[in-house]
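**Student:** Spelled out, the chains give:
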Amino acid sequence: MSPILRLLIHRLALSLLVLAGVSILIFFVARVVPGDPARIALGPNAGAEAVEALREERHLNDPLIVQYGWFLRDLAGGDLGTSLYTRRPVLQDIAAYLPATLELVFIAGLMMVLVGLPLGRLAARHQRRGPDHLARFLSVLAVCTPAFVWGVILQLLLAYVWPIFPLEGRLSTGVAPPPDITGLYTVDALLTGQFGTMLNALYHLILPATALALSGIGQSARLTRSSMIETYRKPYIEMARAYGFKEGRIARRYAFRPALIPTLTVLGLDFAAMLANAFLVERVFVWPGLSRYGVEVILRKDLDAIVGVVLVIAAMFLITNLVVDLIVSIINPRLRLAEKRGK
Amino acid sequence: MADPVLTVRDLHLAFRKGRQRTEVLHGISLHVNAGEKVALVGESGSGKSVTAQLALARLQQEKGTEAEGLIEVLGHDATRSPARIAAMRGHRVTMIFQDPTSALNPVFRIGEIFEQVLRAGGQRLRAQEARRRAEAALAEVQIPDPARALDSYPFQLSGGMNQRVMIAMALANGPELLLADEPGTALDVTVQAQTLRLMDDLVTSRGTAVLFISHNLSVVREFADRVYVIYRGRIVEHGRTEQLFSDPRHPYTKALLAAAPRLLGGGLPDLPQGAEAFADPLLVHDGCAEPGEVTA
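Each protein sequence line maps, in turn, to chains D and V.
Going by the UniProt record's numbering, the first sequence opens with residue 1, and the numbers climb by one from there.
Going by the UniProt record's numbering, the second sequence opens with residue 1, and the numbers climb by one from there.
Just so you know, the hints here were simulated from the structure itself, not pulled from any lab data.
All C-beta atoms, glycine included, are put in the ideal place defined by N, C-alpha and C.
Warning: the hint list may mix true and false statements.
[Claimed, not checked] Reference listing, derived: stretches of chain D covered by chain V, where coverage requires no fewer than 3 residues with Cβ under 8 Å from a Cβ of chain V:
id : stretch
1  : 198–212
2  : 253–259
[To be verified] On the chain D side, residues computed to face chain V include the following (Cβ under 8 Å):
id : residue
3  : Y160
4  : V161
5  : Y243
6  : G244
7  : F245
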């Protein structure tokens with residue numbers, strides 16, 4: 001078995017265990033928090049019998065352990081329960097809200113990698129000179145300003161004062177959403193050949209994705225810079241220079257690839273964290289995403305929905321980690337070949 | 001006499017950091033003629049390695065570096081036209097390092113690094129041709145399975161193998177001058193001796209000039225035609241190898257030789273720190289004047 005496949009299987013098994021642990025934790029924590037979900041769902045005017053009936057229907061009067069049994073039984077049948085807030089199956093809600101968030105986070109992640117890494121590389125190559133000072137100033141600014149503040153600033157400047165970009169939403173009014181295939185508007189529009197809709201969706205993505213990505217861009221630039229500077233001190237870079245390798249090639253490949261290894265791991269976590277942090281940005285840009293949904297259901301103590309959302313976010317973290325580990329093991333031959341060498 | 005491939009005359013070097021100025025070289029002069037093997041011997045911190053860095057024009061542009069005096073490599077002034085020297089790196093002037101394994105990038109295959117080395121100085125080369133030449137070069141340093149070595153990562157090869165790879169890279173483009181900065185000091189003594197002998201055979205048969213930087217007298221004795229002894233940024237003695245070892249004249253050289261460990265000659269022995277006599281002026285053996293000087 002190839003070492004990469006082995007790594008994959010190992011990590012998948014581990015991920016399932018983590019998911020099980022998270023589900024148990026969030027299941028009990030959500031239920032221990034004070035407040036009656038049935039009462040919140042029905043409102044202050046509902047009668048005591050109605051509340052009691054709902055509690056009975058949702059097994060809320062059973063001991064916690066028994067409730068967990070019901071949860072597991074539903075889960076085995078692929079059912080995450082029903083939201084008390086939207087009154088729809090939680091899975092259906094997630095399917096409706098997750099793609100909007102994913103689309104946002106993907107674009108933001110892309111910006112993080114495509115802008116942050118080259119910026120850090122540029123700074124490292126011109127250490128303590130003009131480009132470095134500028135890049136460091138920009139990245140500190142980006143890191144220490146919260147995403148929702150960026151959201152408001154971007155809206156104000158680029159959607160209001162200079163109305164270049166749309167203020168909010170996923171599509172302009174009058175533009176019909178593309179047929180639902182993946183739920184990602186850009187992808188669906190592309191798949192069905194509606195290029196106008198795709199551009200419109202992309203156009204709407206730019207501001208919220210930028211707001212969400214800025215701190216990640218700053219973070220990745222800073223990480224790349226420090227990792228590159230450390231790599232530049234390595235003997236193999238001295239060797240490369242002594243052998244006349246082009247400075248640009250060293251920056252782009254020879255020093256960049258080893259420097260990427262520690263950077264990527266942290267970037268993966270940053271990327272996954274954006275899923276959870278997207279809430280305020282979604283709020284500012286009226287973006288119908290999962291983070292917003294998650295906050296709503298927590299405030300309403302919507303038990304099934306809380307568990308569902310947390311599980312999805314945890315799964316995203318795990319998947320991201322897995323992907324990052326795979327990329328790192330491809331870049332780092334020591335990991336990939338460790339197995340062979342041991343034998 | 002053959003033309004010198006490396007000439008250093010009255011070279012001063014200081015590093016400035018803030019208000020502190022540390023003088024590292026106090027006017028050293030040395031030369032290496034074409035095809036000649038010259039050793040520069042001294043303890044760590046004596047200024048050996050910076051001399052090699054200066055010869056590659058790698059230090060001059062760094063902030064806080066103040067270099068004065070002449071360094072001429074293959075007819076080009078390393079201080080005034082560092083770009084000319086930079087263009088010669090990797091093919092006309094090459095280098096071998098202390099620890100071969102850390103001098104090879106861990107995330108690239110040997111073959112990928114070798115290909116870059118063969119393209120040093122902007123030489124155009126197709127991948128197949130590079131591969132063929134790299135295999136031939138590895139065969140020449142007695143690597144048993146060159147194709148496999150090229151497909152390996154440095155961490156998959158032993159230190160000795162990596163040193164052979166490094167020697168092959170250093171000689172692949174037929175350089176006129178090889179700077180060997182404590183080559184293989186990080187390896188164990190027998191492997192170091194083996195690879196040095198290999199390097200010696202190859203440079204001798206090709207007539208490559210070598211500036212051999214070392215603290216190890218016994219290695220120097222076996223390898224070099226001529227020796228400069230450097231102490232705290234000053235050359236203190238200069239002579240042909242047999243002259244210097246049979247008739248050491250400078251107190252520092254005497255101390256070095258007297259302190260040399262008898263078995264195989266390992267690391268640098270303890271010396272009485274800063275003995276006054278070590279500051280004695282340069283002693284030059286017969287027939288070893290710098291070019292342009294009158295032999296005494």
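**Student:** Now, for every hint given, state plainly whether the structure supports it.
**Tutor:** These are the hints, each one checked on the structure:
no.: 1; hint: 198–212; verdict: violated (count 0)
no.: 2; hint: 253–259; verdict: holds (count 3)
no.: 3; hint: Y160; verdict: 46 Å, violated
no.: 4; hint: V161; verdict: 43 Å, violated
no.: 5; hint: Y243; verdict: 4 Å, holds
no.: 6; hint: G244; verdict: 4 Å, holds
no.: 7; hint: F245; verdict: 6 Å, holds
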